[in-house]
Amino acid sequence: MALLEIKDLHVKVDDRDILKGLDLAVSSGEVHAIMGPNGSGKSTLAHVLSGKPGYEVVGGEVMYEGADLLELAPDERAARGIFLAFQYPLEIPGVATMTFLRTAINAQRKTRGEPELSTPEFMKRVREHATKLSIDMDLLRRPVNVGFSGGEKKRNEILQMALLEPKLAVLDETDSGLDIDALKVVADGVNRLRSPNRAIIVITHYQRLLEHIVPDVVHVLSRGRIVRTGGRELALELEAKGYAQYQDEAA
Amino acid sequence: MPAVRETVERVRLIDVDQYKYGFETLIESEKAPKGLCEDTVRFISAKKNEPAWLLEWRLGAYRHWLTMREPKWARVDYPAINYQDMYFYAAPKQTVAPKSLDEIDPEILKTYEKLGIPLREQEILAGVVRQPQGDADIGGNGASARTVAVDAVFDSVSVATTFKNELRKAGVVFMPISEAVREHPDLVKKYLGSVVPVSDNFFATLNSAVFSDGSFVYVPPGVRCPMELSTYFRINERNSGQFERTLIIADKGSYVSYLEGCTAPRRDENQLHAAVVELIALDNAEIKYSTVQNWYPGDAEGRGGIFNFVTKRGDCRGHHSKISWTQVETGSAITWKYPSCILRGNHSRGEFYSIAISNGHQQVDSGTKMIHLGRNTVSRIISKGIAAGRSNNTYRGLVSANRRAVGARNFTNCDSLLIGDRCGAHTVPYIESKNPAAIFEHEATTSKISEEMLFYCMQRGLSQEDAVALVVNGFVRDVLQQLPMEFAVEAQKLISISLEGSVG
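Those protein sequence lines, which keep their order, are chains A and B. Under our numbering, the first residue of the first sequence is numbered 1, with each subsequent residue one higher. Under our numbering, the first residue of the second sequence is numbered 1, with each subsequent residue one higher.
One should not assume that every hint holds.
As the list claims (entries may be wrong) - Quick look at which bits of chain A chain B covers, simulated, 3 or more residues with Cβ under 8 Å:
#1 47–60
#2 78–90
#3 97–105
Hint data in this document are derived by calculation from the structure and do not stem from the laboratory. Just so you know, even glycine gets a beta-carbon here, dropped at the ideal spot from N, CA and C.
Chain A on its own, in the form it takes in the complex (with noise of 0.2 Å):
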């Protein structure tokens, strides 16, 4: 059975159609891109799954191992496994990064009740992942985000999606704003979360992504509907003829 399985989901946002029929399968150890043009409704599959306020669903089901994802509150959902790594990660005043991370890493484990993880535990899990993403543990003593490049802001969030090791993680336009550098670094890091026990959803708009992270699945998202699926060469094939023809297939 599919650790992910999405059926016919309609999704409204103020009043507005936004994911119309949405079909989707992903089973542990996968990893599916979903591709699309703006406002095909990509954000809005990643924000569903995480739980944001503010999107009402009107039909159909998301099933998570088994069980209606949709009645969890988002920590609930968080504690379950599920990561979103952010397409714009917020900044926090005054919370050093630190305190966020051990916070998050407590509140889950609390949740599933297990206890909490010792101070130097998890300082050990903090430095090894750090150091594999070349991000300084100086950086980390300072408050979430604030003043951070927008490839440190894209690196803590992988650093973030070790520490938490969920089960199913979505990546939300994981590359916007990285110069290529940091787009390797990035990727690389997500390269070595891939393992048999996670699902990993990377959503772009582009075909670079997916040249460091390699898909298992291609989709293409087009207003609303999966429009296509196939292997990687599908990514290819968009990068070369754009997306204007799954535009009119979907009108």
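The hints should help you fit chain B onto chain A, whose structure is shown.
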């Protein structure tokens, strides 16, 4: 429903009845007859066995008070106070003054126990002082268990002061002001009313007429007070006002850190608290004064709660002296309070760090005054206001430089945070410089806890309540760091409690 809207809904329904200190202690008490007249003043003075000069001083204040009107300029709104329908003096009934804790009514001791105030020295020595739960990254290493001397004021009188002997050895005088009047009359006579004059303002003048007790501290020249001094105020009696008076003198080259805490039972009627605090720092002396104010704020409909009309002022009388106010204000139906510094001595320094939280129907009008008189005087104001529910939170501050205050400098930072859409935050800074060489800087921001920020935290696994607490704690962090370590932890908890129910 979007998180913020949900928050707002919840705030509408909140019951500030979560106030955890709202219990009442049943003890017999002795009260002055209801109302206020010259006889009330005489009654109080007689109860305290005061010398004639002090009675005259009180009567002078009372007569002046009769000519004054209640100030109306603050952004607060409350029904008229009936001064004739209130008790101005209430004391736990006791035939002889207690010589040790064993002679104090066990009910009172139980009350303090419930409040978590360690009165018994053996308990303190046995390690009742809580260890702060350090965060790996906050970098705190001040976790060494410090001892705290406590003066407990129950309604109108001081019931117990701990660590007297240890302090005496260091030469520090820490006692109820009523005792200081008898034991150190010269000091009291010299300094009482020297910072807040008898005629200063309506509430301070009232306090001068009827003040009952409070703390007195004198730190002799060159002495660094060996422990934190702390006063714990508790209003218990119904229909009574509390008018305490605190006087702290730091003589040349001395240092003292002082903390006050306050709670009151839950009642439907409003109760008046009009205190006066005077601080005097002589040459090279430093006073650090911290307040954790948690008077009963009233219920969800805004019924009851303490009217907190307080005059606090410090006088940096000597050169290179320093006075620092830190306050965490979470309680009271109305707060009207402007802890100020008169920077009289050359090179003196005044600081004001404030966290003011309002929820429910609370109204806060608070801030500071930094009066630069001396040369090269420096002041710093960091104010963090957090408004939730239907509350109103105003920062009102004055920074002024006299003609002689060459080289005066001030930095002010006022940040306001709004939770929900029925509360208000207001900033009213007054800046008056009569000196072209003074440099004043003012920064202010107003922000709302955004839905996006809460969602970001929740997506990482934090509950909505924890997310708000995290964001708020980040917001007030600069000020929390100014509090003595053990109280910073308490204050952090208090902030979370005050905002409980402000989220879904």
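Verification of the hints:
no., hint, result
1, 47–60, "holds (count 5)"
2, 78–90, "holds (count 7)"
3, 97–105, "holds (count 7)"
Checked against the numbered hints given earlier, the structure satisfies every one of them.
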